[in-house]
Amino acid sequence: MKKRPAQHIIPGMPPGIIIPSDSAQHPRGVDLLTYSADAVDERPGLAVDDALAAIRAVTQAPATPPQVLWLNVSGLADAQLLKKIGEALTLHPLAMEDVVSLRQRPRVDNYDSHLYIPLKILQQDDNALTFNQLSIFLLNNLVVTFQEQTGDVLDAVRLRIRHGSGRIRQMGADYLMYSIIDTVIDNYFPCLEQINDLMEALEEKIIRNQAHKDSIEYIHRLKRDIQEVRRAIWPLRDAIGALYRDELPNVSKAIRPFLRDCQDHAILLFDSIENCREFANSLMDIYLSTLSNRMNEIMKVLTIISTIFIPLTFIAGIYGMNFATMPELQWRWGYATCLALMAICAAVMIGLFKHVGWLDFKQKTTITRKKRLPHQHAIAILENWLKQNK
Amino acid sequence: MKKRPAQHIIPGMPPGIIIPSDSAQHPRGVDLLTYSADAVDERPGLAVDDALAAIRAVTQAPATPPQVLWLNVSGLADAQLLKKIGEALTLHPLAMEDVVSLRQRPRVDNYDSHLYIPLKILQQDDNALTFNQLSIFLLNNLVVTFQEQTGDVLDAVRLRIRHGSGRIRQMGADYLMYSIIDTVIDNYFPCLEQINDLMEALEEKIIRNQAHKDSIEYIHRLKRDIQEVRRAIWPLRDAIGALYRDELPNVSKAIRPFLRDCQDHAILLFDSIENCREFANSLMDIYLSTLSNRMNEIMKVLTIISTIFIPLTFIAGIYGMNFATMPELQWRWGYATCLALMAICAAVMIGLFKHVGWLDFKQKTTITRKKRLPHQHAIAILENWLKQNK
Amino acid sequence: MKKRPAQHIIPGMPPGIIIPSDSAQHPRGVDLLTYSADAVDERPGLAVDDALAAIRAVTQAPATPPQVLWLNVSGLADAQLLKKIGEALTLHPLAMEDVVSLRQRPRVDNYDSHLYIPLKILQQDDNALTFNQLSIFLLNNLVVTFQEQTGDVLDAVRLRIRHGSGRIRQMGADYLMYSIIDTVIDNYFPCLEQINDLMEALEEKIIRNQAHKDSIEYIHRLKRDIQEVRRAIWPLRDAIGALYRDELPNVSKAIRPFLRDCQDHAILLFDSIENCREFANSLMDIYLSTLSNRMNEIMKVLTIISTIFIPLTFIAGIYGMNFATMPELQWRWGYATCLALMAICAAVMIGLFKHVGWLDFKQKTTITRKKRLPHQHAIAILENWLKQNK
Amino acid sequence: MKKRPAQHIIPGMPPGIIIPSDSAQHPRGVDLLTYSADAVDERPGLAVDDALAAIRAVTQAPATPPQVLWLNVSGLADAQLLKKIGEALTLHPLAMEDVVSLRQRPRVDNYDSHLYIPLKILQQDDNALTFNQLSIFLLNNLVVTFQEQTGDVLDAVRLRIRHGSGRIRQMGADYLMYSIIDTVIDNYFPCLEQINDLMEALEEKIIRNQAHKDSIEYIHRLKRDIQEVRRAIWPLRDAIGALYRDELPNVSKAIRPFLRDCQDHAILLFDSIENCREFANSLMDIYLSTLSNRMNEIMKVLTIISTIFIPLTFIAGIYGMNFATMPELQWRWGYATCLALMAICAAVMIGLFKHVGWLDFKQKTTITRKKRLPHQHAIAILENWLKQNK
Amino acid sequence: MKKRPAQHIIPGMPPGIIIPSDSAQHPRGVDLLTYSADAVDERPGLAVDDALAAIRAVTQAPATPPQVLWLNVSGLADAQLLKKIGEALTLHPLAMEDVVSLRQRPRVDNYDSHLYIPLKILQQDDNALTFNQLSIFLLNNLVVTFQEQTGDVLDAVRLRIRHGSGRIRQMGADYLMYSIIDTVIDNYFPCLEQINDLMEALEEKIIRNQAHKDSIEYIHRLKRDIQEVRRAIWPLRDAIGALYRDELPNVSKAIRPFLRDCQDHAILLFDSIENCREFANSLMDIYLSTLSNRMNEIMKVLTIISTIFIPLTFIAGIYGMNFATMPELQWRWGYATCLALMAICAAVMIGLFKHVGWLDFKQKTTITRKKRLPHQHAIAILENWLKQNK
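Listed in order, the protein sequences are those of chains U, Y, S, F and V. Under numbering that gives the first Met the number 0, the residues of the first sequence are numbered 0 to 389, in order. Under numbering that gives the first Met the number 0, the residues of the second sequence are numbered 0 to 389, in order. Under numbering that gives the first Met the number 0, the residues of the third sequence are numbered 0 to 389, in order. Under numbering that gives the first Met the number 0, the residues of the fourth sequence are numbered 0 to 389, in order. Under numbering that gives the first Met the number 0, the residues of the fifth sequence are numbered 0 to 389, in order.
With the rest of the complex left out, here is chain U (with noise of 0.2 Å):
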């Protein structure tokens, strides 16, 4: 996971003030879409008086087929521009102060007269994970989009309206926060899959014993990563489910069933990070063992040399003695009964060892299953029932 720079919160700030973080992205104008069910009029890159213009116009005289806006702005570090659109469009300043805050939750925060969402974007730049903050409005027939950074996973959306397939055209502004939100959650699980196959090509490289000290780093910033994912979705499901079980403001009756689904999904991402983090405990449990049976081997090693050899050396030196009267000495097969008797030495610590298994390095557990009672046969068994109690 990229890490973002810091944004200090100043305690005693009044609240309701947007304060851009410092690293944040300059907004390249803002991007108006106007849709209705046989035409779409895109215009990005607009001047935001220019865009709140189009907007004013489309809301005091509703065309028909009833029109839906979108207003996205990429970049947060124009205070003057979101203070403009915030009171243009009356979004409440608590929610255009959180816009500018990275730190938010995902929520559904009802004001009345239109819904603020925050969400994270989860997507993936030059092979770092990171975050990008997505606040959704919703009013009347508009949905207005911040994002932190520009990014291209609204595209799919766009595409959609574009090419107006599905339902996408036919629906109202609700229909088109649930697409938003929806891609957004389903942009999860590419990432999660990502980071699923880093730790099974890391779960063989230990099992396979060619993980080294550098391991157990991996895995902690995996956990660190999973950690942070896990945050962003785990209120991800309530948020959904007080969307479609609530009655709010804007939200038609009829998106209910897609919202389910998109709750669906949720509790699914959240199986799947909760998959990853027990899997990333159990691969730190592997490593560790790992590590004890190396050193089980090392020692193994250590303890075979050293007991073979230092009872030789002892004999040896023994016999380098130079007292007045050794007999054996002068015996005349002397030294090569003394080499015979170290060759029975180490023979009997071989053997020794051999016994107690440790000259094996490449032992298998190998376990015998019991035979079971297997399915055809159970349906055999209930065949034979079933005839005898017609």
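Hint data in this document are derived by calculation from the structure and do not stem from the laboratory. Check the hints yourself; a few may be wrong.
Unchecked claim - Calculated pairs, SDA-like style, for lysine to any residue (alpha carbon to alpha carbon, straight line, at most 20 Å):
1) K252/F / H91/V
2) K1/Y / A200/U
3) K386/V / R157/U
4) K353/U / Y110/Y
5) K83/V / P19/V
6) K2/V / L128/V
7) K2/U / Q148/U
8) K82/F / N71/F
9) K386/Y / I18/F
10) K363/S / N208/S
11) K363/V / V355/F
12) K83/U / R27/U
13) K252/F / P14/V
Claimed, not checked - Computed spacing ranges between beta-carbons, pair by pair:
14) L351/Y / G356/U: 24 to 32 Å
15) V347/Y / R207/U: 44 to 52 Å
16) R220/U / A253/Y: 51 to 59 Å
Please read all numbers here as calculations on a predicted model, not as lab measurements. From the three backbone atoms N, C-alpha and C, an ideal C-beta is built for every residue, glycine too.
Start from chain U and add chains Y, S, F and V according to the hints.
Coordinates of chains Y, S, F and V only, in the frame set by chain U:
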């Protein structure tokens, strides 16, 4: 657990689109089973249009006694076939999308005119466990099931219908749905027993010290399998509870006791899998302590050998020195005294090790149990008391 | 915990079928006990038809004072006998199926005309604990119990009826049911105390360093036993709570205080087993730390011996070299100087080890407690304050 | 925690029977305290019949101002005495049975005419903590307390009544009950502080490396003590909550704020014990890591000594060989060169160890803290902003 | 976390008595701040009687526009002063007792005429964190705050009132209360960031292998700090939730959105501290695995050196023996052959170690990532599909 090829999610896809997984199996026609209290008509491998026509015929002209229909599709590769069935029977597009998406959590989705219940069949293919996603739709007098792969788990239900044993032929489509769910749940038990057997075999290996360094891998894989099965079982309890507690369409009150019984089985199943989980964790602990014990043994051997021979070698070293004046070397019994000294030295060491208890490698922990009030004695006390307090 | 032979589940079997386990015990007749406030009639080992006839007689012609009947069956091998009883007393087939299935969780099933309560008796057979499944049916003035094995746990209840002590003869079938449940629950306590005694004995062994490598196996088995007992106790609280909270058929308000007391015992039981569990976990920790400590000791011995003798041996090695010119060898006090040097060397080493504290193997951690405000002092302060603030 | 002799439960005993524990203390009479707003009458060590007569007198002829009675019994060995009190005051037999059973969980039992509240006093006897079970009965204008042992914890309440300070003499029996409960709860704090002091002393020992292998035993015993205290505290919150939330007989609304305050103390207590628990777990972790660290040190010493001297000894061994032709032996500076070679060899080794950092045994981890926005600075930023945005 | 001197609880003390801690700070007068929409009057260090008189004046003769009063006391040593304030403003004695007791959990106590809200300010004194207990009373148009120590955290609120920025001067005493709570909560964030920085610095040390045996102590202290902060934060969520959900006296509906925002901050805070906790646990794991790794390295060095030299020394020992007949000694190339033999022996050993991989001490785990479906590709697939299914 055999690994299924991953099914990629394409973020931004419109909802309700049927996109079969690349590795999905092709269906060989559909199976239609029509039965009433006194007749059974099995037509496997039917063309989809014929099957739908047959269903329409029964629906439009209800017979007496009432007929129940069961349409089964094994293999989810044919998007056209699925779409045709979905449209003909007016199954909800979101449900049909989930039929081909292989990550569904067991649950009950109520689409007013019909119920959608995704489940996971746990089946055993050549010694590895594998999941087979089963989607059940319950309509008025019709059950539609979609299976990821051809499997024989539901054969037991077909058998019972064929032989007309028990209540199954007397009751409606909801009882058929119950029978299918019950069979799927009961089918988990043999698989869990197999996991349990494996763990018991492993436990014995570890306790008898015959486990090797791949044991940790075994345990790790078992834990992952248990984890996956657990995730499939965990939501079952609530799903079945919803079936018999909520007032759902097409589910009659008569089958509530059966569903409650079915839920009891699901709870039992969850208990068993939790048991497996704790067993696996405990295995891990014993295995790790075994490693420590083994290290202790190895180190003890090394220490005993080194500690006995290092001082002896030192003595030999001293009398191997070439000083001009070393009176002991000239003594008549010098050599013998030296050897005796060494022998004493070694004996003292061995005595010390015996005292510390390092030389018994086969010690057993013996625990003397305190005498306890036996049950008969308690009964006697009670009887005595009863006589006195009449 | 003695292992019961596994009872295979045959997936797909129709519900309500009585299939006794292969290892089930054969019943020796049935036991019928009839009592009222002033009479007791015990008829053990009766033929089933006679017993049913006797029950029918009492039911059709109620006597004054009202009679309570208790029908007990020990041994579940005879499917015909069970079926006959079930049909004669109109017990629900699903409940009768559960009577012979030995994996029931304790619970209360309400079948309107009767209650079904499966429990597990924990009894002690030749030093091993074993479960004995007990199924209780409560009808109007009749309690039917089915036991997996002949056991003497319920003898206490029979004794009380026989002696007519306490309220038991004055009250109805629901009080009999309560007495049975209460006896079953209280019977767990001696077994838990035995597990506790075992763990305390093991704790002492481990702390006194007399535990060997099989200790981990002991702890592991104890944990598994505790786990099994826990699973049998865990649902008791809710089950008994349901008995006295819900308005159940055949349960009068008069026995509610007794059931509440019974639930208190169940909660206490659960507390005790949780205590056992934490004790076992803690034992594991001490044992593992003992292993580490032992390794430390072993390594310390090795290091001390090696570190003292290796330099000495090196010195001896130097003066064992055969160089032509080695002036020290010719010195008069050369040998003595060399020995002195070695002695100094060893003394320095031993001094160093003493300094580091490696030579005291029997050190104790001494903790000096801070003086604390004693209770009497607190009372004095309070009294003083009271006098001043009158 | 001092161990109490186990109190055996006799399964099958009829309910409501008073069976004192074998080790129960004998009461020395009963203590009766009568007080009203303007008078106090203390009569300790009264005969039970006199006390009951006095209570009857007050109950039958209520005085003005109303009198409150407190009957206290210390020691539970005398079953007759307890039975007499129970019957005279119509206390429920099930509650009286629980008075002598020493395993009660703190709770509030409502028997309509009176409340039964078992608590555990934690008191300190000769440096060991011990539990003293206290049973409180609240009747109309009477509080009855039964204590397992004579204790001085309730003296504080007696003192307050005697001195008439605060509200205690103005209010009824429910306030007396509250005062007793409050005193019992507050009495836990000094004991917890003592456990905490002990752990802090142990922490310092462990961190300063002065802990020995009995530390694990200390921690283990502390954990068991904490566990027992925790089990006594855990249910207090709910019990007291029930007292002020439910409409209970004899409890007036006036004392609700006091009970809420009392519950706050109980929650605080639970927080403290949880804190202790985590402290103990953390101590365990440090201790175990200390063991690993020590092993590292020991091994480092061994490795350094061995690695330096083994090669040197080898060189000495070479020149101790007796080959006929070994030119170096005849060189003039052979011996000196050999010694120099050895010195270089050792120096290289020591240099290497220095490089790897194995020779500094006293290293400290130094962490340089990043500069942080100080509070004053934040205030300055805020002031600046306020000036600009007036 | 700087340790505060323990505040002893005297069990049995009557409720509602103000007993300041021995180490409590003496207040230097009280601070009174009166403001309305158009005027601010700050009077720090006022005598308590003057302040109470001023408050009485405002309360009896309400001005237009309405005035809000804020009375602040820093330092809790003066029991008389606190008692006087408590009685003059009719604050509840139980709340006043809690003001000086320094263990309050954050909560909201409703005393009908006023609210009592104890909080803990986390402030930084000379590099150590310390708690400063803050008690807030909310009356009709008056906020009373008591601080354990003089602190500058609330200066930010004073600044805002002085500059009249934002809504603070337009709104009532409840908004002042909200501003104080909000400032206290936001003040936790910089402290948490500091803990986080410390842990990141420690993480780098550990991963770079520069951590020493005192690291465990660091982590232990951090965990204890985190634990304490956690306990202070944990109840905040519910406390603030109670403020905006319940209908409380003196709290207007207008400030509900602000309180909800404040609760969001509290939840965020709790998330952050949980994050810290998991970070600390993970640090522990890496540190312990680092210890194991280090041991592995040490043992590898020892084993390599020993295993190479022990056989060589043995060979040298053989040819150092003094047997009369040892033919090799007389060979011309005997010495050279012997040295060659030793060299070969060493080379074989080194080769073996290379093969096993023990000689690369700097290995890195390299993981090759599988190629993944990039986001652009997914968009392309989607676009393609959209075109085909128009």
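Hints and how they fare:
no.	hint	verdict
1	K252/F / H91/V	holds, 16 Å
2	K1/Y / A200/U	holds, 17 Å
3	K386/V / R157/U	holds, 14 Å
4	K353/U / Y110/Y	violated, 69 Å
5	K83/V / P19/V	holds, 14 Å
6	K2/V / L128/V	holds, 9 Å
7	K2/U / Q148/U	holds, 14 Å
8	K82/F / N71/F	holds, 15 Å
9	K386/Y / I18/F	holds, 16 Å
10	K363/S / N208/S	holds, 14 Å
11	K363/V / V355/F	holds, 19 Å
12	K83/U / R27/U	holds, 15 Å
13	K252/F / P14/V	holds, 17 Å
14	L351/Y / G356/U: 24 to 32 Å	holds, 28 Å
15	V347/Y / R207/U: 44 to 52 Å	holds, 48 Å
16	R220/U / A253/Y: 51 to 59 Å	holds, 57 Å
Hint 4 from the earlier list is the only one contradicted by this structure; the remaining hints agree with it.
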